[in-house]
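Quick note, the sequences are listed as chains A, B and C, same order. Just so you know, numbering that gives the first Met the number 0 puts 115 at position 116 of the first sequence, and the rest follows in order with no gaps. Just so you know, numbering that gives the first Met the number 0 puts 397 at position 398 of the second sequence, and the rest follows in order with no gaps. Just so you know, numbering that gives the first Met the number 0 puts 160 at position 161 of the third sequence, and the rest follows in order with no gaps.
The set of hints was computed from the structure by calculation and includes no laboratory data. Hints should not be assumed to be uniformly reliable.
[Claimed, not checked] The following label-pair restraints were derived from C-beta to C-beta distances:
1) Val-56(C) <-> Leu-363(A): 46 to 54 Å
2) Ala-16(C) <-> Gly-473(A): 52 to 60 Å
3) Leu-158(A) <-> Phe-103(C): 45 to 53 Å
4) Leu-158(A) <-> Ala-16(C): 13 to 21 Å
5) Glu-140(C) <-> Leu-50(A): 49 to 57 Å
6) Val-141(B) <-> Leu-431(A): 19 to 27 Å
7) Val-56(C) <-> Leu-158(A): 22 to 30 Å
8) Leu-431(A) <-> Glu-280(B): 23 to 31 Å
9) Val-56(C) <-> Cys-424(A): 26 to 34 Å
10) Leu-463(A) <-> Ile-71(C): 52 to 60 Å
11) Phe-103(C) <-> Gln-611(B): 24 to 32 Å
Glycine residues also receive a C-beta, built at the ideal position from the N, C-alpha and C atoms.
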Amino acid sequence: MIVSELHLMTPELSLLGFALVVILLDLFIKQKKVLAGVSIAGLIVSAGFTLAMWGAPTIDIFYAMLAVDRFALFFKFLLLAAAGLIILASQDYVSKFERFQGEYYALVLISAVGMMLLTAAADLISIYVALELSGISLYVLASFLKDQKSTEAGLKYLLLGAVASAVLLYGMALVFGLTGKTCLLCIADVVETMPIAGLLDNPALLLGIILLAAGFGFKIACVPFQMWVPDVYEGAPTPITAYLSVASKAAGFAVIVRVFFVALGAPSWLSIDWGILFAILSAITMTLGNVVAIVQTNIKRMLGYSSIAQAGYLMVGLATVGVAVGADALGRSGLLFFLMSYAVTNLGAFIAVIAISNKIDSDLIGDYTGMGKRAPLLAVALTLCLVSLIGLPPTAGLIAKIYIFNAAVHHGLLWLVIVAVINSCISAYYYLRVVKVMWLGAPVSEEKVPSSWALRASLSLCCLGVLLLGVIPGSFVGMAEAAVRIFGS
Amino acid sequence: MTYHIPWIVFLLPLFSFIIISFILRPFLNYRPKLGGYVTIGAIGAACALSFWLLVEVLSAPGHKLEIPDIQWLLIGDLSIHIGLMVDALTAVMLIVVTIVSLTVQIYSQGYMHGDPGYHRYYAFMSLFTACMLGLVMADNLVFLYLFWEGVGLCSYLLIGFWFHRPAAADAAKKAFIVTRLGDFGFLAAILFLFYKTGTFDIGELHGLAIAGTLTGTTLTWVAIGIFAGAVGKSAQFPLHVWLPDAMEGPTPVSALIHAATMVAAGVFLVARFFPLFENSEMALTSVAVIGGFTAIFAATMGLVMTDIKRVLAYSTISQLGYMMLGLGAGGIAIGIFHLFNHAFFKALLFLGAGSVNHSTGTFDMREMGGLRKAMPWTYATFLIASLSIAGIWPLSGFWSKDEILVSSFANNPILFYLAMITVFMTAFYMFRAVFLTFGGEYRGGASSEHGSHGAHQLHESPKVMVIPLVVLAALSIFSGWLNVTGRFDEFLGHGEVHSFTQGFFGILTHPLPWISLILAGSGILLAYAMYSAKWLSAEAIGKAFSPFYALFSRKYWFDELYERVIVGRVLVDGLFAGCGFFDSRGVDGAVNGVADGTAAAGRALRQAQSGQLQVYAMAIAVGIVAIMVCFYLFG
Amino acid sequence: MFDIVFWILAAVTVGAALAVVFLRDVFRAALCLVFLFFTIAGIYITLHADFLAVVQVLIYVGAISILIIVAIMLTREVWRGSPSGRLRIPALVVGLLLLGMLMFTAMSTKWHISDVPPQEPTTTAIGAGLFGDGGFLLPVEIAAVLLLAAVLGAIVLIREK
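Same shape as in the complex, but just chain A (with noise of 0.2 Å):
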């Protein structure tokens, strides 16, 4: 019975066996950028079967540990999307660790299939250990370069995800112990029936709520649990910071949506509960990630702020539980469809800094001066994703956040899209700030900034990306709202 079911994890088990492959390859193997080329391959046989199982009715397997649904199917897509993205802009990056690009690329399609089932986990234990698997693969990445920075980088992100991960644990076992259960669904018919009316009758379920809410909130980097954000982004090998800020955070949302709208989500006094303490730590996350982003002067540290104050734009989606008007799903998709957005977005902007940071050897903002010069088409991408990021046209940003804020009107969190435009204009400032310096400051010297056309080809997709979901979302709307389906209404 299970054997029968090996094929519906064929994107997981295709990856990692490509995964396998780079490590063996690697021994035999003196020309790197081959493994970089298996790499890609894999991801692209992984998508493959991910695109292939799409149509495919929704069904839980392995003892309902992992759900084959349009949901999982899209987040994966996604994710691999972005890695794929990662591994080609790492291009101009892997010559620094010369002789470990096996396991660089191995560990980064390990931390994919990790993440990958992590956004399919039905199951409290599944959750946990995809979790792990990932979490592990990216304390190492976030320490490949070895130097003093990103091993201390490497360091606060394992020992804060330890914390992070004994938080969540604790949250789980609350939950497990109120209910006697691990799998989601089974989870979700016992709360449907507790006999009580509010979620201070029993603390137990509250804690556990609020233990579960600051573990993944690590992940996605919520405050109060953002603070290893920074330090680890500004330390971290610019790709794989890319690569946290996007798939780690991305997985981070599917394992939130999933354990809170299927688990928890069915009484309504509960979801309209954990609804609002989305809503405060949204606002709060956005606000702070906003205004403390405003006095960087390191690009990536600054990226790192602004990709806080985005996983609170990302939050008011959670925040749209209870009675709404029109389309009740309407939170989710936009949450999904800021996702899409958000990813091409920022890898974009990331991708960017790669190169340019490469050849001034510096992430200092006021380093950028006069890029617009040396480095034009970098430069052109670079403003592109960061107007896509303020969120102006016509640029992916601008639907996302109209998606997301009218589902916020919808539900009546009018208060919540009043502060995030509000926060939208102050993080213009600090966005346009870099578009400035880039175009009107004066070149520091004439030398041109060469890249990679491996680099150029990702950068050139996020861009493509930016644009198509600015210029014609229709179908990705459709996507975002297919694969929220699952929730019902």
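Since the structure of chain A is provided, determine the placement of chains B and C on it from the hints.
Same frame as chain A, but now just chains B and C:
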């Protein structure tokens, strides 16, 4: 199927822009010709499809194609539509824009040969054409305004194409800022309309105006706001100052701007909203008066210019004035028919000027002369275009100008007399240009700058430049014949059809055409007398009328008025200084306060980011405790 | 009987944990940690979780504590101990609050207590639960991949720069 065609027509040049700027320019920069081929291919295909659309529109009921809106975005119950409309007006504009753009693009392959910014040039040209096509097909005001600004932006980019020349950069800025002044009126009108009617849809707005729901002062103000936008774009008095300076761009760009895209947009806009104007007597009269006045006002300045492109620029303003007069006094068909004919002969004139420049290296007519022998094709086509613009029977300019004169005669005699004088002036300044450029002996070209640039170097332009000239020359002769039978008028909504021969020769049985022909002929004769046969000394006449000469050649001191008095005194010293005072004391204080506050908060919060691991871990614990406590306090 | 043993073990566990936190000598703190692991194994036994107790001794006492002690011996300047941070007081407050919160939660929740007698021995049940029908086979396999990632990570991190 038919309703896909307008989209394809719009998207072809847009894709050409995308391909050139994102594929050809970064990766194939060493193959400059490719960009041209892509553009020509795209616009050629768009042109062919425009003819198909014209045929479709001709046979469609009410001369209007039903094109279903495309739902651009549907989020919950928020639905945003985009749509195109193709009616008779659009069909005619599509033909004009695509033909002129196509000939200009082909011509540019020769003219821009070897320019380092080749790909950039074609990318902007494609985008320019795409915006104009979108503008003429847009079915709602938001879309239309988007492309309206897009056209403005592209003309800014193209006028300033050689941005390293200060004159070009200044001209681009001037064009952008002056047209923006008009755009404020347009934007205000759009917002006011939406506020009053709740719709952006042009068809619905027409319906409201015709049904009389939209009426009175509201309608008048809206119409005047829209007309303000048109005045800016079409360089009508008093916002005409940007167009002559726009010469600084590459000459094919001038051809496109003057003939089919930028300035035509203003006339098109008035035509598009004609039902609104029609129902407001005052708005319609303003259009006619501004148009008629601009026609003669610009013509006087054209009399004395020495730069061939400036002569042509003032003639464009003047002819645009005619179009506005035609719209105001006669209706859509009369104004648009002149736009239709004018597009071809004006594009031809500019391309001819470019061809002359290609050979002599200058635009100054005082340094030209005698080019008739060296450049026979250019000379012949330029002559045809000049005859056409002067309104000589049976060339195209004659037919549309005659209609404008007839309608203004019926409507407003004063404007009619002004228009008649303008006919004389037009003929004079055009043939002054012809005789100075092509007649007499060669006067050295740009030799003063480039050392010896002897007559032996004079040459006819390459085929790729001459063929567009010939095509446009043919159109300059025959395009007017479309309305000899009255078919064109009927197509655009009024007038009746009669037989071709009756129209073609019958028109000469009326006195009015004869008067205008005599005026035009005497204008040509005077030019001949002064600049070719030298019976009259141009200098002597210039001295005799020196006050006028100074007035005209200094362009009525409008540049000085705007730059020194309005910008210098009123704005900089008065308004800006006042605002600056308020700004630095009031607004700045508040803004700085907020900004400083935010930055200070950022710095304070950054303090917490000490890098100490224990603090970070404690934050997690504090967060959990705080959330729990809040739940018990407020939950 | 179990109750008495539990309370003794609990008291020793807390005492050991406090010693780990408050001892300035890292080596002694590590030894207290080993002791702590032992007492936790004892608590498992009182809960009828014999297999878990054995695993606790094998892995935590056997492997992890050895690792910690070796790491301490390889680290220079370890004898100076961990520097005292400025965070003592705030950390104490937060720790106490957290403790209070957890205790309040545990005490005031109406837990659903199972009346099924504990299984003995647990090994079979755990084996069936991990590998049998309806069990946690997939997480076990994922854990295997996790170990692979950890090994890879170890190789990368101990490399020469």
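For each hint, the structure was consulted:
no. : hint                                  : in the structure
1   : Val-56(C) <-> Leu-363(A): 46 to 54 Å  : 53 Å, holds
2   : Ala-16(C) <-> Gly-473(A): 52 to 60 Å  : 58 Å, holds
3   : Leu-158(A) <-> Phe-103(C): 45 to 53 Å : 28 Å, violated
4   : Leu-158(A) <-> Ala-16(C): 13 to 21 Å  : 18 Å, holds
5   : Glu-140(C) <-> Leu-50(A): 49 to 57 Å  : 25 Å, violated
6   : Val-141(B) <-> Leu-431(A): 19 to 27 Å : 25 Å, holds
7   : Val-56(C) <-> Leu-158(A): 22 to 30 Å  : 26 Å, holds
8   : Leu-431(A) <-> Glu-280(B): 23 to 31 Å : 48 Å, violated
9   : Val-56(C) <-> Cys-424(A): 26 to 34 Å  : 60 Å, violated
10  : Leu-463(A) <-> Ile-71(C): 52 to 60 Å  : 53 Å, holds
11  : Phe-103(C) <-> Gln-611(B): 24 to 32 Å : 30 Å, holds
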